[in-house]
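Protein chains in written order, with this note's numbering: chain Z, 34 to 401; chain R, 34 to 258.
Calculated from the structure, these hints are not laboratory results. Hints may contain errors.
Within a straight-line C-alpha distance of at most 25 Å, the following computed DSS-like cross-link-like pairs (lysine-lysine) qualify [what the hints assert, rightly or not]:
| hint | chain 1 | residue 1 | chain 2 | residue 2 |
| --- | --- | --- | --- | --- |
| 1 | Z | Lys176 | R | Lys253 |
| 2 | Z | Lys243 | Z | Lys176 |
| 3 | Z | Lys191 | R | Lys51 |
| 4 | Z | Lys176 | R | Lys173 |
| 5 | Z | Lys176 | Z | Lys191 |
| 6 | R | Lys253 | R | Lys173 |
| 7 | R | Lys173 | Z | Lys191 |
| 8 | Z | Lys316 | Z | Lys243 |
These numbers were taken from a predicted model, which means no experiment stands behind them.
Below, each chain spelled out in residue letters.
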Amino acid sequence: MNAPFSILPPPPEVARGTDVTPSTIRFEHVGKSYPARRGTPEVAALTDVDLAVPEGAILGVIGRSGAGKSTLIRLVNGLERATAGRIVVDGTDITALNEAGLRAARRSIGMIFQHFNLLARRTAYENVALPLEIAGVSARAIKERVEPLLDLVGLSDKRDRYPAELSGGQKQRVGIARALASRPRVLLSDEATSALDPETTNQILALLRKVNAELNLTVLLITHEMSVIKAVADRVAVLDGGRIVEEGPTYDLFARPQHPTTRSFIAAVAGSALPPYVAARLKDTPAPGGEALVRIVFTGDHATDPVLSRISRLLGVDVNIIQAQVDEIAGRPFGVIVVGIPNAPETVAAVLRSVEQLNLSAEVLGYV
Amino acid sequence: MFDILSPAIVDLLIEATKATLYMVAVAGLIGTAIGLPLGVFLATSRSGELFAAPWLNHVLGLVVNAARSTPFIILVVAIIPFTRLIAGTSIGTSAAIVPLTVAAAPFIARLIEAAIREVDQGLVEAARAMGASPLQIVGKVLLPEALPAITLALTLAVVSLIGYSAMVGAVGGGGLGDLGIRFGYQRFMPEVMAAVVIVLILLVQAVQSAGDLLARHLDKRNRRG
């Protein structure tokens, strides 16, 4: 039963992007509201957002449509202006800048977009060159910069192609090269993989990881897909109704989600949603002779422990595995298992106790 | 077709074609010189846009609408004092350029505005995120991206100008329309009228085909590798 866990490598000592490194992007009590117009009252898009992206880390902000993600990311480069609080990027208070100051600051903040936003009448090369042209860089210096960038994103052979001749993934690679052209310290990713198929998404996320590591680039990304967070983010913030409801290292958030919104996002990827035939029979109260369903989350040092056989042996309890999944998050093993055990209250309590003694979390989902 | 026309009429036809081309070319150039920046401004000056000036946008919009809603033949007559002021006379080919330009500029402005508004706002946002100034956004994003649509818009404007230029013949302007009215209609020479119509059709065809070809060449959106 526990074989999948024991073959995994031991977890790395230190997770990336811990709190000790200085923050490159910092939101301090940031609010954004849109003034009342005829017929519509004032709308608060973001309320009291406190958020810090450590230098060189990838922080993912996840939220549903309308949660305020787009607004949040656009505040960082001043495409939208905050109505309360401060946003400090690489030591510069973005909220205090005028338009000219903002234009200068934006040159050290790259951005990529869901729909790529490439100029249709410029080739891949010319698209990557655009931010350099805007910054007034000479044609020769542009050539010296653009060609290695196209190489970095693996598109040297497409340099003279127009966007219409490129696939979605290739377009986003051009977008990434373009965002990196002015050697930014910060990269903003606005749903960059939402228009791509799963395989291309993985390739683009791998490329983001690569540039993040090679260039020590600080990345703030927004997404509505937990799988994106799982694949690349060191830290994650959950945005709901314009507020950050939960924030922390990605691994911890997966292991111990607190907020219902977080739980529902995680349910979609981490195998914590029950199979329909089980979910349909799930009740809140025990039935005679039935089972209690317990979800155990295997994390960190204990993710590789043979927990189930130990419980079964020590407590003399029959453990019925309903569902099991093992995964890797931020490079560390992570498992979720749902088991059925006899529903006598003392048995359930004993199992929960012994699981907690192993520093794992467990919860009763219901009874069948 | 020239066989049935006398050499004198053929000469007149050639002269009239030249006069029409001259009027259309000059009115088209000046009309574009006024209409292009006006159109760009109209497309970028509503509130929240690059050169936000909602009040000026509104006023210019009203002026453009007023000019556009005046029937051309009325416009020609109504602005005779203005034409005299600019051209020194209200009769002849050069004088006809004035009302043609006055009619073309707002028309071109609206066409350019529509072409610019067709450009994906995402591109403007991307350029802003790169630190582009509003003028750079116009010069490096809006105009280049709208170029195929602008080409088609100007083609349409030139075709319309060819039609308008025939109308100024009725009020003493030169050109093909003038020839058609004076010889074809007033002197009962249907062959001259036919020749005028055929030359106009050929001109419009040529302009439209050239415009379509150029726009297709400029448009990189429908290529497939």
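Against the structure, the hints:
Straight-line distance between C-alpha atoms of Lys176/Z and Lys253/R comes to about 22 Å, which keeps the hinted pair within the 25 Å bound. About 23 Å separates the Cα atoms of Lys243/Z and Lys176/Z, which keeps this hinted pair within 25 Å; it holds. For a cut-off of 25 Å, the pair hint linking Lys191/Z to Lys51/R is broken: about 48 Å separates their Cα positions. Between the alpha carbons of Lys176/Z and Lys173/R the distance comes to roughly 18 Å, so the proposed pair stays at or under 25 Å and holds.
With a C-alpha separation of about 15 Å, the suggested pairing of Lys176/Z with Lys191/Z holds against the 25 Å cut-off. Simply put, Lys253/R and Lys173/R have alpha-carbon atoms about 16 Å apart, close enough for the 25 Å limit, and the pair holds. Annotation: proposed proximity of Lys173/R to Lys191/Z holds, straight-line Cα distance about 22 Å (limit 25 Å). Using a Cα cut-off of 25 Å, the hinted pair Lys316/Z and Lys243/Z is violated, with the two alpha carbons roughly 47 Å apart.
The structure fails hints 3, 8 (numbered hints given earlier, in ascending order).
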